[in-house]
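> Take a look at the letters that make up each chain.
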Amino acid sequence: MSFDVDITCQQGNFEISAKFSTPSGVTVLFGPSGAGKSTLINAIAGLVTPQHGHIHVGGHLLFDSQTGENLPTHRRQLGYIFQESRLFPHMNVQRNLVYGRRFARGSTSVVQFEHIVELLDLAPLLNRRPVGLSGGEKQRIAIGRALLSSPRLILADEPLAALDQARKAELLPYFERLRDELNIPILYVTHSVSEVARLATTVVTIKDGQVISLGSAEHTFADNAAMPDGQVGALITAHVKCHHDDGLSELNAAGIPLHLPMPQHPVGTKVRLRIAAQDVVIATHPPKGVSALNIISGCILRLAPGTGPDIMVTVDTTAGKILACLTKRSASILQLTEGMDCFVIIKSMALADDNAGGVYPHHKL
Amino acid sequence: MTLSILSPEEWTAVQLSLKVAIWATIFSLPIATAVSYVLARHVFWGKQVLNALMHLPLILPPVVTGYLLLLSFGPQGPIGQILEPLGLSVAFRWSGAALAAAVMGFPLLVRAMRLSFEAVDPKLEEAARTLGAPAPWVFITVTLPLAVPGILTGMILCFAKAMGEFGATITFVANIPGETQTLPSAIYALLQAPGQEIAAIRLVTLSIFISITALLVSEYLAKRVAARIDGKGVKHI
Chain A
1 MSFDVDITCQ QGNFEISAKF STPSGVTVLF GPSGAGKSTL INAIAGLVTP
51 QHGHIHVGGH LLFDSQTGEN LPTHRRQLGY IFQESRLFPH MNVQRNLVYG
101 RRFARGSTSV VQFEHIVELL DLAPLLNRRP VGLSGGEKQR IAIGRALLSS
151 PRLILADEPL AALDQARKAE LLPYFERLRD ELNIPILYVT HSVSEVARLA
201 TTVVTIKDGQ VISLGSAEHT FADNAAMPDG QVGALITAHV KCHHDDGLSE
251 LNAAGIPLHL PMPQHPVGTK VRLRIAAQDV VIATHPPKGV SALNIISGCI
301 LRLAPGTGPD IMVTVDTTAG KILACLTKRS ASILQLTEGM DCFVIIKSMA
351 LADDNAGGVY PHHKL
Chain B
1001 MTLSILSPEE WTAVQLSLKV AIWATIFSLP IATAVSYVLA RHVFWGKQVL
1051 NALMHLPLIL PPVVTGYLLL LSFGPQGPIG QILEPLGLSV AFRWSGAALA
1101 AAVMGFPLLV RAMRLSFEAV DPKLEEAART LGAPAPWVFI TVTLPLAVPG
1151 ILTGMILCFA KAMGEFGATI TFVANIPGET QTLPSAIYAL LQAPGQEIAA
1201 IRLVTLSIFI SITALLVSEY LAKRVAARID GKGVKHI
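So the sequence lines, in the order shown, correspond to chains A and B. One point on numbering: in my numbering, the residue at position 2 of the first sequence is 2, and numbering is uninterrupted. With the second sequence counted from 1, adding 1000 to any position gets you my numbering.
Some clues are possibly wrong.
Some chain A residues flagged as far from chain B (calculated, every beta-carbon gap over 12 Å) [what the hints assert, rightly or not]: (1) S17; (2) S24; (3) G53; (4) H56; (5) F113; (6) A123; (7) L155; (8) C242; (9) Q264; (10) L303.
Covered stretches of chain B (chain A as the covering partner; in silico rule of three or more C-beta atoms under 8 Å from a C-beta of chain A) [unchecked claim]: (11) 1125-1136; (12) 1140-1153.
Listed next, with one range per pair, are the computed distances between beta-carbon atoms [as the list claims (entries may be wrong)]: (13) A1227(B) <-> S21(A): 46 to 52 Å; (14) P1030(B) <-> A161(A): 52 to 58 Å; (15) A169(A) <-> I1026(B): 51 to 57 Å; (16) A123(A) <-> P1030(B): 26 to 32 Å; (17) A123(A) <-> V1038(B): 23 to 29 Å.
Derived by calculation from the structure, the hints in this document are not laboratory data. From the three backbone atoms N, C-alpha and C, an ideal C-beta is built for every residue, glycine too.
Chain A on its own, in the form it takes in the complex (with noise of 0.2 Å):
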């Protein structure tokens, strides 16, 4: 168990109440801004503190109503990673990045300084001053200094959120190795979806200081209440099988291949896909003349009517299961049915850069 939350904090006339249990790997905190997330990860930190409940992180008690425990913020080993990078504007790089180490005892993981500076490419800011320096490069350091504290436990608060487009994908494979090499509990706060697609092992959304849905990325992804208008979709696991001079990549899942513009994953890169459900269209037989690059066979598992003339059709793939939002009048006309036999069409250019991520089994940290 890597979280353990039960807690209720008031925040003047705003009471968020979260009960959440997560599997080892990344918890991301999913949700529209103002639901309470940051609260909730502050709480964690004890940063702020909780009315009832407790909260245990990796089999640690950090803090427990009942029993009066609540470990200060300062001896929770963290290491948490805000927004807004909060380097010491009076300390070098290199000061920054050792703070937290005369605290580190008797941890867990042990992270040497020259493998991190070379990790994250920090080398030649060590001895420049926090001023001046992009928000890429300050959230860089921001994670250095973090991992160096050798945290049992790993909090980010929307830590790409100030970030321009290019440089949230340069840092967010630096997120993903801390996922697949380290082996601590990892909090991840977001409100971007994309970010949960690459990183949640599993995502707890929040809305109105409430849990609304607790589960895998996949289980999240499918449920029309816990995502915002239009994103619902599938996630699916491939390969990156090679690249195309036409600069397509072509990719295995499970055995299917699919077609994307994807060039900055290496072959061999294990990718996580989502596919939004309005990007998909259905056929019952093997379609002709059509654009689309992937086309994949399955069988239609559940059909679920929405409340407009809106319908989610879940077809079970080899490569995975697939929502698909059609409108009610094509799967009449279509005579849909659950259990049939059916052809999912996905664009290769709604295969969005964006949506896929990349994990890397090299780089040990």
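Starting from the known structure of chain A, fit chain B onto it as the hints suggest.
Positioned in the frame of chain A, the structure of chain B alone reads:
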């Protein structure tokens, strides 16, 4: 060493003033640090009372402050009677002048320091705590260095006030040449005696020179420190 333009008595007064002002600033600093930090960062019962008490020497007529000091620290005063047997009597001693100057400079020091502590982003202190730093360490390594420009400003204000302090000093420790006669008291004494205008003007000029030098040095230091910190994480005040 004696400056030729000053008489030995005048030179003694200058040295005494510097000694009194330096010690007044040094003594005020730790207490002012504690008081200003508490006022800047904590909410507690009686905060307004503490704030008002701290401002008293600024509002009261200096002669009142001096008399209150005499009542408490004088030979018959409750604190004076405790200090007397310990050989720490301050009445009519230069240390008494330093105490009076410290009390008068204290509100200025606290006001400047409080502003600079308030300007330090508490989020940086939080970040230090998440990295494992206990509260005193956070204060020494994050809060204090970021507040240094304001602290320097406060120290120079306190020093200048102590250099110029007259009313409370003369009430508390009188005007004894060589012991409690600081620059302002010396100028006052010269103005009381006929034919001493030239000597008074020499001391007045010197007084202006010392004050302006102190101000320039503090401005220079504060700017250098602020440039090192670069203004990020510290709001300009």
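> Each of the hints needs a verdict: does it hold here or not?
Against the structure, the hints come out as follows:
No beta-carbon of chain B is positioned within 12 Å of the beta-carbon of S17(A); the least distance is around 24 Å. Every CB of chain B lies more than 12 Å from the CB of S24(A), the least distance being 21 Å, so the non-interface label holds. Against the 12 Å criterion, G53(A) stays outside the reach of chain B, whose nearest CB is about 21 Å from its own CB. Against the 12 Å criterion, H56(A) stays outside the reach of chain B, whose nearest CB is about 18 Å from its own CB.
Distance check for F113(A) against chain B: the nearest CB is about 15 Å away, which clears 12 Å, and the non-interface claim stands. The claim that A123(A) is not at the interface with chain B holds, since no C-beta of that chain comes within 12 Å of its own (minimum 21 Å). A beta-carbon of chain B is positioned within 12 Å of the beta-carbon of L155(A); the least distance is around 8 Å. Here C242(A) stays apart from chain B, with its beta-carbon at least about 44 Å from theirs, past the 12 Å limit.
With a least beta-carbon separation of about 32 Å from chain B, Q264(A) lies farther than 12 Å from that chain, consistent with its non-interface assignment. At roughly 48 Å from the closest C-beta of chain B, the C-beta of L303(A) stays outside 12 Å, upholding its exclusion from the interface. Under a criterion of three residues with beta carbons nearer than 8 Å to beta carbons of chain A, the stated coverage of the region 1125-1136 of chain B is upheld, 10 such residues being counted. Requiring three or more residues with a Cβ within less than 8 Å of a Cβ of chain A, the coverage given for the region 1140-1153 of chain B holds, as 4 such residues are present.
Between A1227(B) and S21(A) the Cβ separation comes to about 50 Å, which falls inside the hinted range of 46 to 52 Å. The beta-carbon spacing between P1030(B) and A161(A), approximately 42 Å, falls outside the hinted interval of 52 to 58 Å. A beta carbon spacing of about 55 Å between A169(A) and I1026(B) agrees with the range 51 to 57 Å that was offered as a hint. In this structure the supplied range 26 to 32 Å is violated for A123(A) paired with P1030(B), their Cβ-Cβ distance being about 41 Å.
A hinted range of 23 to 29 Å for the beta carbons of A123(A) and V1038(B) is inconsistent with their spacing of about 42 Å.
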